[in-house]
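Going line by line, the protein sequences match chains A and B. The numbering of the first sequence is the working numbering, which starts it at 5 and goes up by one. The numbering of the second sequence is the working numbering, which starts it at 5 and goes up by one.
To be clear, the hints were calculated from the coordinates, so they are not data collected in a lab. Careful: at least some of the hints might be erroneous.
Which copy is meant is left open, because identical chains are indistinguishable; a pair holds if it fits in one copy or across any two.
To be verified - SDA-like cross-link-like pairs, simulated, lysine to any residue; straight-line CA separation at most 25 Å:
| # | residue 1 | residue 2 |
| --- | --- | --- |
| 1 | Lys65 | Gln119 |
| 2 | Lys65 | Ala49 |
| 3 | Lys67 | Arg45 |
| 4 | Lys65 | Ala36 |
| 5 | Lys65 | Asp100 |
| 6 | Lys67 | Ala21 |
| 7 | Lys67 | Arg126 |
| 8 | Lys65 | Leu77 |
| 9 | Lys67 | Thr107 |
Number of protein chains: 2
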Amino acid sequence: MTETGSTDTGKARRSDATRAAILTAARERFAADGYERATIRAIAADAHIDPSMVMRYYGNKEKLFAAAAEFDLRLPDLTGVPREEVGTRLTAHLVDRWEHDDTLMALLRAGVTNQAAAERMRQLFAAQLGPVVAALVADRAEAPLRAGLVATQALGFALTRYVLCLPPVVALDRAAVVAWLGPTIQRYLTGEQDA
Amino acid sequence: MTETGSTDTGKARRSDATRAAILTAARERFAADGYERATIRAIAADAHIDPSMVMRYYGNKEKLFAAAAEFDLRLPDLTGVPREEVGTRLTAHLVDRWEHDDTLMALLRAGVTNQAAAERMRQLFAAQLGPVVAALVADRAEAPLRAGLVATQALGFALTRYVLCLPPVVALDRAAVVAWLGPTIQRYLTGEQDA
DNA sequence: ACTGTAGGCCAACACCTGTTGACATGTCGA
DNA sequence: TCGACATGTCAACAGGTGTTGGCCTACAGT
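Model the full structure from these sequences, guided by the hints.
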């Protein structure tokens, strides 16, 4: 394998642009078509290169997806936010994150039929959402459950709005989304189980 | 085409068992693998027949899916239920429906990558959940939106529990699911937008 | 100027897919 | 008994898939 050190800030290689183009095209295809329908050939065509280049740079389709599905939710620190506002704040952030990055869509579409993608999704919520929630709740043992509940609503919203495109859900503007989903997320984060 | 009248209650044909076996196998495969990974060959093997029989009886893969994805939510009439209980009642019913029938799973897994399946899902919520919600809300114009919101939470729960298998969500028992999701559904059905 | 090597393309492979048509078998009415 | 028709099997097709290896070209270091 050619030197691909992750830590070195060495000189840029001539192929870096190509690598990036492949990754971008891969994200778009995986997001639009899911794992199996996103073909290496189509991704290569989008990146204006030969399919064999994809193999050379990323080994195989699985590894390409793994590289393309690297994602950071960039969750804000909610400990400084008034407790009654954390639901709306988190909701607004998630919606924004979803609308400005294909990666989550790729993860969602692929995660439904691909085991590795599903595992990624699990890690995403456990490793990134989990800690943020843990810093918020009184009993830290409750954190994974509460993070999971948030995931049900967040992913369900994304699924119905961006994938299945249920018309009434698509029609909602940002403010309405936050107004409707915010209190739900708030309750999952800070509320009691008994209504 | 052989006589396949939909209205006739004529004598059962010898091939009806085969037809049913194909449909059952198709539902299981579509539910487990999604649309593209569920192959005609695998379905035929499960049904212990030749792949060409699937084609003869259902024409092509698309039509087979259409037949396999026929589904009735069997939603109860909620007009007689105390208003503050409709959320938990609907939640409990949906969970039960989901756990005892592969069809919804097939619809969900396929709907993420297949247009026809997504369209089915849209019709399902519009035609079956819509009216039930409409009978419940004061302003009927709000019904589609409220049904859509219910869909976000219901499908999101199914996605995280049965497809992505987030551990904390999988761990919930039936009572806990109803206790957590019930109030959310209740608010989407009968609550005001401003918390 | 020469050469090694990285970057890129082409053709091919082995496999799997949906789909088709020819052929065998069984069943039931005339 | 015989023939029509439903039921089922087998083999093959045309196209698409991930993946591989050989070949060409241009640039960087000497």
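Evaluated hints:
For the homomeric pair Lys65 and Gln119, the shortest alpha-carbon distances inside one copy (14 Å) and between copies (24 Å) are both at most 25 Å. With identical chains, the CA atoms of Lys65 and Ala49 are at most 25 Å apart within one copy only, with a shortest distance of 15 Å there and 28 Å across copies. In this assembly of identical chains, the alpha carbons of Lys67 and Arg45 lie at most 25 Å apart only when taken from the same copy (16 Å versus 28 Å across copies). Within a single copy, Lys65 and Ala36 get their C-alpha atoms as close as 16 Å, and across copies as close as 22 Å, so both meet the 25 Å cut-off.
Taking CA atoms no more than 25 Å apart as the test, Lys65 paired with Asp100 passes in neither setting, with 29 Å inside one copy and 38 Å between copies. In the homo-oligomer, the alpha carbons of Lys67 and Ala21 lie at most 25 Å apart inside one protomer (19 Å), although the nearest pairing across protomers, at 44 Å, exceeds that limit. In this homomeric assembly, Lys67 and Arg126 come within 25 Å of each other (Cα to Cα) only inside a single copy, at 18 Å, whereas the closest approach across copies is 34 Å. For a Cα distance limit of 25 Å, the shortest separation of Lys65 from Leu77 inside one copy, 24 Å, qualifies, whereas the shortest one across copies, 38 Å, does not.
Taking identical chains as interchangeable, the C-alpha atoms of Lys67 and Thr107 lie at most 25 Å apart only when both belong to the same chain, with a minimum of 15 Å there against 32 Å between chains.
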